[in-house]
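Colleague: Each chain, letter by letter, is given below.
Protein chains: 2
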Amino acid sequence: MEHIQAAVLHQFNEPMRTEEISIDEPHDGEALIRVVASGLCHSDYSVLHGILRSELPAVLGHEGAGIVEKVGPGVTHLKPGDHVIAVLTPSCGHCPMCQEESPSLCFETFKTMVGNTMLDGTNRLQLDGRSVRQLCGIGSFAQKAVVPAGALIKVDKDVPLDKVCLIGCGVTTGVGAALNTAQVKPGSSCVVIGCGGVGLSIIQGCRIAGAETIIAVEPNVAKRDLAMELGATHTIDPKAEDARKKVREITMLGTHYAFEAIGRIDTVEQMWGMIRPNGLAVVVGVPNPRDEVKLRVSGFLAQRSMKGSAYGSAVPTRDIPRFVDLYRKGELKLDALITARIGLEQVNEAFEAMGRGEGARSVIVF
Amino acid sequence: MEHIQAAVLHQFNEPMRTEEISIDEPHDGEALIRVVASGLCHSDYSVLHGILRSELPAVLGHEGAGIVEKVGPGVTHLKPGDHVIAVLTPSCGHCPMCQEESPSLCFETFKTMVGNTMLDGTNRLQLDGRSVRQLCGIGSFAQKAVVPAGALIKVDKDVPLDKVCLIGCGVTTGVGAALNTAQVKPGSSCVVIGCGGVGLSIIQGCRIAGAETIIAVEPNVAKRDLAMELGATHTIDPKAEDARKKVREITMLGTHYAFEAIGRIDTVEQMWGMIRPNGLAVVVGVPNPRDEVKLRVSGFLAQRSMKGSAYGSAVPTRDIPRFVDLYRKGELKLDALITARIGLEQVNEAFEAMGRGEGARSVIVF
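Just so you know, the sequences run in chain order W and S.
With the working numbering applied, the first sequence covers 1 to 366.
With the working numbering applied, the second sequence covers 1001 to 1366.
Check each hint, because a few of them may be wrong.
[To be verified] Derived pair list, reagent style SDA-like, types lysine to any residue, alpha-carbon separation capped at 20 angstroms:
| id | chain 1 | residue 1 | chain 2 | residue 2 |
| --- | --- | --- | --- | --- |
| 1 | S | K1154 | S | R1034 |
| 2 | W | K294 | S | V1297 |
| 3 | W | K294 | S | K1154 |
| 4 | W | K185 | S | Q1099 |
| 5 | W | K70 | W | K185 |
| 6 | W | K294 | S | D1266 |
| 7 | S | K1294 | W | D266 |
[To be verified] Restraint ranges, calculated between C-beta atoms of paired labels, are given here:
| id | chain 1 | residue 1 | chain 2 | residue 2 | range |
| --- | --- | --- | --- | --- | --- |
| 8 | S | E1212 | W | S298 | 53 to 63 angstroms |
| 9 | S | D1335 | W | D291 | 47 to 57 angstroms |
| 10 | W | R248 | S | D1120 | 43 to 53 angstroms |
| 11 | W | S298 | S | H1094 | 15 to 25 angstroms |
| 12 | S | K1245 | W | S298 | 54 to 64 angstroms |
| 13 | S | L1253 | W | H3 | 55 to 65 angstroms |
Treat the hints as calculated values from the structure; they're not laboratory data.
A virtual CB, placed ideally from N, CA and C, is assigned to each residue, including glycine.
Generate the whole structure from the sequences, applying the supplied hints.
Modeller: So, in structure tokens, the structure goes:
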């Protein structure tokens, strides 16, 4: 056991407290990493505000990258000194979803994503004798983290961890939604609603896939500018004009693909009127799971479809190295996504800015 | 101009009248066929009862097969004596949908399917000086029909037209939904709600695709028996048990694919609870286009999707010969689907039986 600094959430809707907590050795099938950098994702914000629930106290943060310090028994694919990106699925390899090449839906993810624990249901963090949860089984708003080894993907040592950490969640969620879930075709048309870190990554995925028309819908002008920089061919300010009508004006028939990257029912439903016959609307954002989406039957008669995208339908062992490689080649732009580099003690301010819709991604650099 | 016998609908919810009408020569891009046989489809029933609308008077029937008697100017792929199946899309080849290999959504189909006319907006049938519409631009409840030539697919002369006529609509809609729209994978699990001609064809498509588990949901015992004969591995009587629960009992996680072949909102929505994470629900039936389908967000979070299937996503020049071939090989069973062979004058009785949920398919043999 050792002692580390971490941002700990004790009460929803209250600031996290940066304090010293203790961290255990990694157990079977786990690894201890020194966190080098962690992005701030909107899902952290949702937990912070109790929209997504977790037992508390908890260390948030799940978009982390670091260096392996110690591996637990049975871990053979990692060794101390390896550079790794933490991912959202432990990819158990044994459940029906992993066996059907859908590790993004790995059943073990329920433990890490819902329980915010390790795979055995316990945690490696303590504060004043109480167990502390780790968001998504990661908890990267801390100097160190013990993570299920299946959720740590090794990357080459020449890539900057304070950039590629974004691939851990937002970038894979977005790029994967375009490349894996939708399988966007060259020459096609796409509309992306919401240009946070995920939406901007979807735009990049659409560009990488060779889409001809990429329309970004976003009220914040700085994010619209960033969208153009990253691959959008058109932008729409939904506060100034009717986004659905404008998409129809640009594309006549509607787009081949639409992506919702906010997590609001009204914008999910709006996609149905934006896509053309045979078009595909992809739900990337995370609305309240108990809410309902209403879709007109006429859309189905024109062979439209709506599909959810979980973690960009990623196969991390395939996709993380692939996305790192796209970053290295300059095709996947991460630097532009990072609008602030902060220290752990600035984490609360950064989430306040996120709440105001400012910036794309803040990254804590340890 | 010549005179033929046809079943003419003058008023919704009244019997059709078998009477003599006149038929014109085929115009540019059209062909005159002698109808050999025509299936009775549920969409005819919907028009008969005003659920789907058409200008009247009209000759219904759109699941026809026959022999070409005369071709209009510009028709090069057909000649007198050719055996043909009439299909639901004129496959213009020029609209965006045809160019994107989705001729089942050909824009010209709006003229034939909604207007019930030829592609120039006029008709070739008259009664007492009035123009008579032809359902889907076909109108096969008549001894002869003029049809847009793109909607006539040539078949070998050795196949019985009074069987393969079913491929014109119901069989292609069903088999295509499984093979084209859903692209059912070998070893997968499927549930099909509703076992009329379309549902039974979906079951056959799932079997041909190599599905391991095929569950048929149908209240009529004779249709459930037919479902087992045609490839279902399990049946559920939705009047006797909760179909969703039973599907979960059989498959644990839910099925990979679900198909709704009735056209009811409640059963479309029911599919959402029958499919497993990553599963696909396909809307094959035709509910009221203005109604709304309500889907829980949680389904999207588990990467479920719902897609409409229009005419089995068929590419008729590819699929009709392929399905005829599957019939010839004994893999696609049409004879078992035909529960009654009738004359034109029995058409009203046959629709009354359909209204009572009896039998799979009646075929008019001329």
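Colleague: The structure should be examined with respect to each hint, and the outcome stated for every one.
Modeller: For each hint, the structure was consulted:
1. K1154(S) x R1034(S): 14 angstroms, holds
2. K294(W) x V1297(S): 10 angstroms, holds
3. K294(W) x K1154(S): Status violated; Cα separation ~42 angstroms.
4. K185(W) x Q1099(S): Holds, at about 14 angstroms.
5. K70(W) x K185(W): 43 angstroms, violated
6. K294(W) x D1266(S): Measuring from Cα to Cα gives roughly 13 angstroms; hence the hint holds.
7. K1294(S) x D266(W): Holds - the C-alpha atoms of D266(W) and K1294(S) are around 13 angstroms apart, at most 20 angstroms.
8. E1212(S) x S298(W): 53 to 63 angstroms: Because 34 angstroms falls outside the window, the suggested range is violated.
9. D1335(S) x D291(W): 47 to 57 angstroms: 48 angstroms, holds
10. R248(W) x D1120(S): 43 to 53 angstroms: With Cβ atoms ~28 angstroms apart, the hint is violated.
11. S298(W) x H1094(S): 15 to 25 angstroms: 24 angstroms, holds
12. K1245(S) x S298(W): 54 to 64 angstroms: 31 angstroms, violated
13. L1253(S) x H3(W): 55 to 65 angstroms: 43 angstroms, violated
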